[in-house]
Every structure is written in structure tokens, then in C-alpha cells.
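Asker: The chain contents come next:
Number of protein chains: 4
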Amino acid sequence: MLIRLGYDIQFEIPAPVAIVALVHVFPTRVPDLQEPDVLHLEPDVPVREFVDVFGNRCSRFLAPKGRIRLSTSTLIKDSGLPDVVPTDVRQLPVDELPAETLQFLLNSRYCEVDRLNHIASELFGHIPEGWDRVQAVCDWVHQKVTFGYFFARHTKTALDVYVERNGVCRDFQHLAITFCRCLNIPARYVTGYLGDIRIDLPPSPMDFSAWFEVYLEDRWWTCDARHNRPRVGRVLMAVGRDAADVAITTSFGQADLANFTVISDEVPEG
Amino acid sequence: MLIRLGYDIQFEIPAPVAIVALVHVFPTRVPDLQEPDVLHLEPDVPVREFVDVFGNRCSRFLAPKGRIRLSTSTLIKDSGLPDVVPTDVRQLPVDELPAETLQFLLNSRYCEVDRLNHIASELFGHIPEGWDRVQAVCDWVHQKVTFGYFFARHTKTALDVYVERNGVCRDFQHLAITFCRCLNIPARYVTGYLGDIRIDLPPSPMDFSAWFEVYLEDRWWTCDARHNRPRVGRVLMAVGRDAADVAITTSFGQADLANFTVISDEVPEG
Amino acid sequence: MLIRLGYDIQFEIPAPVAIVALVHVFPTRVPDLQEPDVLHLEPDVPVREFVDVFGNRCSRFLAPKGRIRLSTSTLIKDSGLPDVVPTDVRQLPVDELPAETLQFLLNSRYCEVDRLNHIASELFGHIPEGWDRVQAVCDWVHQKVTFGYFFARHTKTALDVYVERNGVCRDFQHLAITFCRCLNIPARYVTGYLGDIRIDLPPSPMDFSAWFEVYLEDRWWTCDARHNRPRVGRVLMAVGRDAADVAITTSFGQADLANFTVISDEVPEG
Amino acid sequence: MLIRLGYDIQFEIPAPVAIVALVHVFPTRVPDLQEPDVLHLEPDVPVREFVDVFGNRCSRFLAPKGRIRLSTSTLIKDSGLPDVVPTDVRQLPVDELPAETLQFLLNSRYCEVDRLNHIASELFGHIPEGWDRVQAVCDWVHQKVTFGYFFARHTKTALDVYVERNGVCRDFQHLAITFCRCLNIPARYVTGYLGDIRIDLPPSPMDFSAWFEVYLEDRWWTCDARHNRPRVGRVLMAVGRDAADVAITTSFGQADLANFTVISDEVPEG
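Protein chains in written order, with the numbering used here: chain A, 46 to 315; chain B, 46 to 315; chain C, 46 to 315; chain D, 46 to 315.
For reference, chain A alone in the conformation it holds in the complex (with noise of 0.2 Å):
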């Protein structure tokens, strides 16, 4: 399956401002990129890249007074097989967790380990560790949390979620992480494609999708509590410990959104 990949970001630009973007494909899939995936800018400033701590590919530059344009169009490979759904993989116990996964345990800005635990333990501690438990957080919160462009604000934590039931993307996946790590299961933020997502929205930054992972027996698992059901097509762009980590464009400066597009389609191959 070849999934045509695009964006078309635009900002006002009031004075020169420095802007990190998280806009290309995660390494890991770069291998299925079947067309270069290149960051155009317009104007033509100089691009420097960088790889973070998570291990994102992040550019940064600085936007000149004015509009500015960033862009691309890719075509990527994918399996087209659905999310797996790993039913009998083990939870590790903390002690033999590999030490890279730890820090998805710890609380972050808007997933406040500290404040939830008493509320997870409740709500999942009688369910079977592992992959059910999970299951059972992404569950509660798919059916818990109402979705609505409305109800996005920037700084909305997984505790404003928990107590107002409602939210973006963004917000589903924040709370959910937020339950796995009090319940010592590593999670962590994802940013990407999802097939079939089209948005073309004027307001605020908002992410392509987000979605989810946790760390269960041997690897990182894919999971989604806004969607909660295995989707084709995801195509992997960022990690990080929450949405402050992988920001689709972080500016150090004003930067007026004047044009979102992103794309995400099926091409026929061949």
C-alpha cells in the first residue's frame, strides 16, 4: 500500500522568530520513503537539522518577517495491515524494564503521574496486568471522553481531562499515558500520519494525529484511545514524553497560523 504524504503549513510572522518543526518521518520509516521527504520552505531560509533525545529528527530555522510556507509531498510504503493488537504480551515488573523506557514512567507536563495515581489504581488495579489493562485504560477513556475541536486549549493536562471529559486528540492520548504510567507501564507520545485524516483548520497548531505507545513484554506497542480500534496507515513522525516534546512547530516568538493542510491518502500502487 503507498500513502501520499503532504503538508502545507503557513505563519505570519510579525518579526524574525527562531521555529524548531518535528515534520519528517521518524527514522524507522524512512526505509518505506519511495520519494525524498524534504522540508520546503518558502522563503528559501537556511534549514539545520538536529536529532533530540528521543531520537526525532527535528529542523530548525529562522522565519523571516512576513509569511512564511513550509511544505512537502512524499510518498511512503506501508504494510497496510491494521494496529496490532498483541493480547498475550507480558508486562515486565519496573526491575527489568529496560532502562531507555524508564523515563516514560515519569510524570511531564501534561501527564501528572503525581496526581492520578490514587485515581488509576482505583479505577484499573483490579484488571490483569499486561495488555488488558491497557485495553482497559483505552476503553475507559474512549468512552469516558468526549471529542470536540472546542474543547482544545494548549495547555490542557490529563487532569483537566480526567475532570472535564472532554478534548482533542491530543487530550485522549495524554490521559491515557498518564493511567499506564501510574500503573508502571511505559508510555509514551507519538505524532504522525493517520490514513483517512484530511484537516484543513484555521485556528492554532494543532497536531497531525496523535496517538499512543507502551512498552509490554519486548517492544513498543501501538495504541490509540481516541480511536481505539486498530487503523491502517499510521505513519510514525515523532516520540516524546508528551505533546511538549513533539510539537509540530515550536516557535520562540509570535507566529500566527494562517494555513493548516495536512494530507494522508491512499495511492493506487504502480
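Calculated directly from the structure, the hints in this document are not laboratory data. Note that the structure is a prediction, hence the values are computed from the model and not measured. A couple of the hints might just be wrong.
Just so you know, same-sequence chains aren't split out, so a pair can sit in one copy or run between any two.
[Claimed, not checked] Each computed SDA-like pair below joins lysine to any residue, with the alpha-carbon atoms no more than 25 Å apart:
#1 110 <-> 91
#2 189 <-> 303
#3 189 <-> 298
#4 189 <-> 209
#5 189 <-> 104
#6 110 <-> 174
#7 189 <-> 57
#8 110 <-> 144
#9 110 <-> 167
#10 189 <-> 61
#11 189 <-> 170
#12 110 <-> 229
#13 110 <-> 173
#14 189 <-> 59
#15 189 <-> 125
#16 189 <-> 276
#17 110 <-> 306
#18 110 <-> 163
#19 189 <-> 132
Chains B, C and D: place on chain A using the hints.
Answerer: This is chains B, C and D only, laid out in the frame that chain A set:
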């Protein structure tokens, strides 16, 4: 100048629990050690070490049921010079900052950049950039916040400190760090030993001492909004985005603090 | 000057639910009514009236399953004069305030006096007491807070507004009220009709318009941090400590807003 | 049964400040007084009394610079019977509640009905209405929340208590009150003397004791989520929506607590 360093931390463990401890001196200070810096455990359970994404030397072990004691005693050589006050260093525009400092401009659990940015601009936007601005942040926090152990709570964030105007060491630093980040100055949280400090406190896991560092011109500089004057004898242990990253001990289950003693005493040379 | 007042509020009711409505003009304006101020209900269920502790005329009824419509149309005589700007009135020391104004110095749901008092002193403590200080509060809130329906959420408090710097009418007033209380100036929340305003919005129950009053010298004076200039044609409906006390409608169970229209139009006399 | 009641509250006053004190027994208990219930002030500044909207007897005075002492000693007759446990009383539908009880269903400063309603439904929605449900609320709060003076902070709300699971008297009651209101049971906060209780604490202004009342069938009933068992010798002083309404003392400026002693002792009759 020689400093005797040590700690004696004891927990009562109701059921086996994984613990991660950040109790070693930071790699940059290893050359100054005059005696080995070894984590002693009683009972003597196996310890595995790893280095986290911030370069901290971390120890992990499975604490068995019963009392467990973490302790060390070591000796370190110190310049005996007070913290440098770099009055003439330049604040780099974000675009010129080293890539690895950028994460210290972002939101983290206890440092809500996204909630304090308007406030930071209003309070410090008129101060000249660079060290003056950092000093103004430290002065403000030092003058406005009242120190007291009674005001400690482990979920307290920079915004809470701004509103409540009281706290312990870590709270002073969290607020100052957040202000710096809002002003596009990379700032990171530090734990360590601080000369003259001897704490024998029963209550909850306390950090040794906390201060912070800002990145100006070409390196990290020591700051301390709690004491707000140059000090002698700091021994850096760990750095992170905030206290969530560098807790002295993180236990993934119940562990009741039974003793907490830290020693940092100047000793005669030779 | 004559003003045609009216509203048409509709709810979809999934199961019978008790509703309290504060939709009448305040007792002080009853002498100005040129037509009766009657709450019409369709279907025509019985309404009982009561006066709450603030002197507001409240209506209560049991809404049956299905659509319910609350409406009125009435005519009121108004002076046509803009809000008075009492530049020379004196701020009474708390000890001289009438006892019944003291409750408007206290904390309430959306006005956290206990969390904003340090901030209020810093921002306004140097301004001369009395109207000047009130005006400084209104100026600050008016200039710093951005209006937008997208920013509305019913749990938003004064501290949230101070931090987020955006909101709707009620948010502007909540922040200004809280600052005034912090400065020992009694301040109360007001709902009412405001000339020129015609709102046809589907989303969630919106207050008609909101402003506030401060007690200086010997009476309550009208203030409005949202518009921050004298207006003509305010018709007071209800007063309280904050929006929690004077919601246009409070339903004690599910009631989905299906229509909300408010009319407040000047009409030719005679 | 006779109970000796008294208090000795002292403040250090840096500059003259208005104070309101709610230190008298509630009007319903006046007939039981065997000795006058007089507020003594040293120095003997004039006191004015007023009754607030909740029917509480309030005292106001201007405290001069220096030390001020509030004290009383009085004697009251008590039935000596424990709190009634009205297992068979009926919970009125909101539509049948007396109008004056409706305000005790609303949001207030420390009782965020709008943030805890989902949680209350999930925890208690399946329990039969009426006393059973109130008892379930008290049981839950009593079991889940840990008592400790170290956990006191005056800005702590019901949601904070739900999340942090610790607090003092008032915190237990705030959470239980909020749950009851979410369940459409009018609930109000109470301060008073409670037999066996003798507190000599230096820190911050503490309420004497706090409990709450719910309105079921035809009257208010005593509840106490802190002790959660019938007690003898409660002497009601004041009622309100939450602790903001009935602080023992409210000072409108700085007043540093220097002593706080409360006495409530059974004494032999005759």
C-alpha cells in the same frame, strides 16, 4: 578545599519495589573525587547503573520487603571559589543556541512555560537581555517567595509558587527556571550537595539541595534563586528539566521514608 | 428612551429536570417596565417564584421530557444616559463598609481572592484608592485580556483568566472583581441586558451580558472591564458573588441548549 | 449534659485592620446557653454585630496595632445524645426542595460542583438515593482521605482533596459536600465546637471543628466525613456554602496568629 560528602537514606518497604536513585556526583566532577563514590545498600541487593538522556549516572535496584538503607561517604576536592557571576556574557538568540540546549526552553512537569509567559514578559521584558535579566529573575523570586518546609508539596508547580509565594528550594528554582525559559533563556534544574547544609528531616523525600543553570554565551552558569548570592562548595549530582527528572530516589510503588541525612562538610586538607 | 427586551431560550430535555431561571429584571428596575415582564413557558408548566439571598427574582419549574421554550418580550423605559463615572467618590475603609457589602470581599467559585492577592497588590497597590484604582483594574483587564467565544469554558476562574489572558464577558468581569476584592473594594457580578447586543448562538448557555459593580462611598457603581467605557441601556437582571450565583438558567440534570436568542433594541418612543 | 466552651485567639497586628469574627453559637443554640456568650476583646475596642445571609451572628471590629486577644468562656446545655442517623429519610427531588436550600446545590469557592460531577456520578450513581447515598459519600471520603495537619493549605479545594487524598477537617467536609451537591443533595458547611476536642496550635487560623449538613426529607441532618461516626456534644456556630463563608476570623489586611486555643469540655452538672 576538601569536602566530605555523604548521605544515609532509609526506607521502610512493605512489598518489593523497584527504585531508581540519582545519588552519584555528576560525571564532570568525577576527576575531583578523592575517594570512590559508591552507593552502599543494606541489605546488599544488586545494583545496575545506567546513564539517562541528560547524562546523569543512575542506579537501579529492587528493594526487598523491610528496611533498606542507601548510604555513602566520599571525599571531593573543590576549588573553594564562589559561583561565578558572569555579568558580561551574551544571551544568544534562539537561532544560535546549540541544539542540545533547546529542550531546556520547553514546558516540563513543574515548569509551565505556557502558563507563565505573559507574566514573565510583564515582569522582565524591560530588563536588558543576558545576565542582567537572569539576575532580575533571581532577585524577584528571592524577594517575593518565602522559604518554609511547611510549604512543601511534591505536586507544586512554578505557577503554584508564583501564586502562593512560598516553598522550599526546589520551588524557588522551578519558578526562576520557568521565567528564564519564557524569556528564551535555556534553564535546567540541578540537584547536588551544597556546603554548610546538613539536613536531618523525617518527612517526605527531600532533594539534597537544588539550584539551576542557565545557558548564556557559550556555557551553562550556576544560579540559585533560593540563596541568591554566590556560594562555595556546590557539588553537582544531576541535571534535568525539573525535579521530576532528577528526584534523588524514585520508587515505583510504596516506600516510606524512615531516615534522610545528608552530609556536606569542609574538612581540613592533609 | 425605550428598550424592547426579550429572549427565546430552548432546551431539549431527555428526562424531566428541575430548572431555576434568573430571567426577570431586577426589582429596582420594575418601576421602569412599560409592559409586564413575564416568563412564558412552552409547554406551559407551572412556575414558582422566589427571591434569593441577593434579592434576585428567581423562577423554578420542572421541565418535562422534550423541547421546552422560555421566552418573553417586554418594554422598559431607560434614562438613556451612559454609566456614571464617579471620579471623586471615596473608598471606605473596610471597617466603615455596610455589613451587607462584606460578603462581596470574600472568595467565591470563580473569584479566588486567596490566590490573586499578591498579584493585585503588585499591580495596583501604588494607585490611589477609590475610583482611580477601580479604573486601573478595568484598564488592565481590558488591555491584557483578549475577547473570543472560542475561549469560553464554564469552569474558567479569575486565575485562569489572569494566566490565559483570554475569555468572554464573564471572564473579564471575574478577573476585575477578584482584583477589586483583593484591594478591599466590595465587588459583585451582574447579569443583564446591554443595548446593541443581539446574540444568536447555539453552543452552551451564555449569560446575556455580564458586568460588575463596586461599592464606593455610599452605593454600588457600574463597571465593565469588557467594554471599559460608559454604555447606554444596561438593564440589570441579577447580582451575585460571581457567575455561579446568577446563571441565566441552572438545570439540575441534563438539558441541551437548542436555541438562545436575546433581544435588547432601542425602539422609537410613542 | 453541660459543656464548657471557650477560646483564646490572639493576633499580632502590624497596622490597624478590620476583622470579622464568627465566634458565637448559632441562634438555634442560644436557648441552651447557661451563661452569656460574649466576645471579649483585649484591648477593649468597640464591636459591632450583624447577621449575614446565612443567619450567622457575626462580630466586626477594628483591631489596633499590637497584640489583640479574642476570648470567651461560656456554658451550654446539651442533650448528650449522639448525632441522629436518619436511615429512612427521603431525598427530595430538586423540584420539591425548599427554595432556601437551592443555593446549597451550587458551586462555591472550595466546592467545585462543575468539576466533580462526572466523578460523583461514577462513584455514587448506583447507590440508592437518600441517606444511603450520603453515607456512601462519607464512607468513601473517610476511607480514602488521610488526616494530617501537614496537609493543610488554605487554598485547597474539593478537587485538590480528591486528587491528593489528604487534608484536615475542612478538606474532608469540602469533598463530601461537593459530592452531595453533584448528586442534587443540598449540603452546607458547618463550624462549631466538638466535644473532646482541644487544639493548641500556633500556625495559621484553624477552624474550630468542621462538619456538614445535608437536607433530606424536611430538615438538615448532621454529617461528618472526618469522623464518620455519631458524636456527642457538637455545638453549631455558623453555616455557609463552604469555609470561605464561615472562617472563624477574616482579617482584611495582615494579622499574624499568635495563639489559638479552643476549649470544649464536658463539666459535671450542678
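Asker: Taking the hints in turn, state whether each one holds.
Answerer: How the hints compare with the structure:
| no. | hint | result |
| --- | --- | --- |
| 1 | 110 <-> 91 | within (15 Å within a copy, 58 Å between copies) |
| 2 | 189 <-> 303 | between (33 Å within a copy, 23 Å between copies) |
| 3 | 189 <-> 298 | between (36 Å within a copy, 18 Å between copies) |
| 4 | 189 <-> 209 | both (10 Å within a copy, 22 Å between copies) |
| 5 | 189 <-> 104 | neither (37 Å within a copy, 33 Å between copies) |
| 6 | 110 <-> 174 | between (53 Å within a copy, 22 Å between copies) |
| 7 | 189 <-> 57 | between (37 Å within a copy, 22 Å between copies) |
| 8 | 110 <-> 144 | between (44 Å within a copy, 23 Å between copies) |
| 9 | 110 <-> 167 | between (52 Å within a copy, 24 Å between copies) |
| 10 | 189 <-> 61 | between (43 Å within a copy, 23 Å between copies) |
| 11 | 189 <-> 170 | both (18 Å within a copy, 15 Å between copies) |
| 12 | 110 <-> 229 | between (47 Å within a copy, 19 Å between copies) |
| 13 | 110 <-> 173 | between (56 Å within a copy, 23 Å between copies) |
| 14 | 189 <-> 59 | between (41 Å within a copy, 19 Å between copies) |
| 15 | 189 <-> 125 | neither (30 Å within a copy, 48 Å between copies) |
| 16 | 189 <-> 276 | within (21 Å within a copy, 40 Å between copies) |
| 17 | 110 <-> 306 | within (22 Å within a copy, 43 Å between copies) |
| 18 | 110 <-> 163 | between (49 Å within a copy, 22 Å between copies) |
| 19 | 189 <-> 132 | within (23 Å within a copy, 33 Å between copies) |
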